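J.: Chains A and B are the protein sequences, given in the same order.
The first sequence runs 72 to 183 under the numbering used here.
The second sequence runs 666 to 781 under the numbering used here.
Hints listed in this document are in silico derivations from the structure and should not be mistaken for laboratory results.
Where hints are given, some of them may not hold.
[Said to hold, decoys possible] Sample of chain B residues lacking proximity to chain A, with all beta carbon distances greater than 10 Å (derived): (1) V676; (2) E687; (3) D692; (4) T743.
[To be verified] Not the full set, but computed from the structure, chain B residues with beta-carbon under 10 Å of chain A: (5) V669; (6) H672; (7) F772.
Just so we're clear, the structure is a prediction, and the values are computed from it rather than from any experiment.
Every residue gets a Cβ at the ideal spot worked out from N, C-alpha and C, and that includes glycine.
What follows is the residue order along each chain.
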Amino acid sequence: AQSVTQPDIHITVSEGASLELRCNYSYGATPYLFWYVQSPGQGLQLLLKYFSGDTLVQGIKGFEAEFKRSQSSFNLRKPSVHWSDAAEYFCAVGAKNNDMRFGAGTRLTVKP
Amino acid sequence: GAVVSQHPSWVICKSGTSVKIECRSLDFQATTMFWYRQFPKQSLMLMATSNEGSKATYEQGVEKDKFLINHASLTLSTLTVTSAHPEDSSFYICSARSAGNTDTQYFGPGTRLTVL
C-alpha cells in the first residue's frame, strides 16, 4: 500500500531564506506525487505534481520539487521564502485512477 | 478552471441532528468525488470515494450509515452526517476528478462542522 512520510512537523525559516520540505513515499510502482498547500481554515491548493518525465518539477508560487527514485523522495523547495508562504504543506502519493494518500503535513512558519 | 465549491463553509448543529454538505464541480464534470476528514493539526483522511451514479466506496472504519454519500449528478456530491455527535466535529473536505483528467484531484475549500 502507498504511504507518505513528512519527517518535519514544523519548520521555521526567515523571510528571504531558502526552504526545503521533505517527503518520502512508499509505493510499489511509479507513483504520482503531489504537493499541496493549505492556509488556515482553507482547502488545499495544488502546488505541483509529478507523473513522469523530467524529475525536476516547477510549480506555482516559485516552488519546485525533485523526484528521486533512488531515495523514494519528492522534496519541495523554494529559493526565497515570502511571509505569505506560511501555511501547512502536504505531500501526497497516488496512482492513476486511484485515490491519494497524504502525509501528516509540515507547518511552515516564516520569521520577519 | 477546475473549481470545486462546498456549501456551507461552516455549520453548527445540535447533537442528534443531521447535516448535509454539498460539493460541486463548477466548471467540469466530476465522474469521481472524494470525501476527506481533517482533524485539527492533522492530515486528511479519506472517508469515501463516490462515482457518479454508483454507491460510494467507504474506507475501513467509516460508518456508511452515519456518513451518507450521494453522487447523483456529474457536478454534485453530498455528504450527510446523520445523528451527529460532538466527536463528528471536524473539517470536511471534498475533491473532484474529471473523466478527462483522472490524474489530479481538485479540492473544495472545506466545511467546518461543529456539533454541540
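J.: Test the statement that D692/B is away from the interface with chain A: the closest C-beta pair must be farther apart than 10 Å.
T.: Non-interface label on D692/B holds, nearest chain A Cβ at 15 Å vs cutoff 10 Å.
J.: Minimum Cβ distance from H672/B to chain A below 10 Å?
T.: violated (13 Å)
J.: Would the hint on V669/B be counted as holding, given a Cβ-Cβ threshold of 10 Å to chain A?
T.: holds (8 Å)
J.: Compute the least Cβ-Cβ separation between T743/B and chain A, then decide whether it is above 10 Å.
T.: About 17 Å separates T743/B from the closest Cβ of chain A, which puts it past 10 Å; holds.
J.: Interface hint check: F772/B, Cβ to nearest Cβ on chain A, cutoff 10 Å. Holds or violated?
T.: holds (4 Å)
J.: Far enough from chain A: is every CB of that chain over 10 Å from the CB of V676/B?
T.: Label holds. Min Cβ-Cβ 14 Å, cutoff 10 Å.
J.: Would E687/B pass as off the interface with chain A, using Cβ distances and a cut of 10 Å?
T.: Given a closest Cβ separation of 14 Å, the condition holds.
The earlier numbered hint that this structure contradicts is number 6, and it is the only one.
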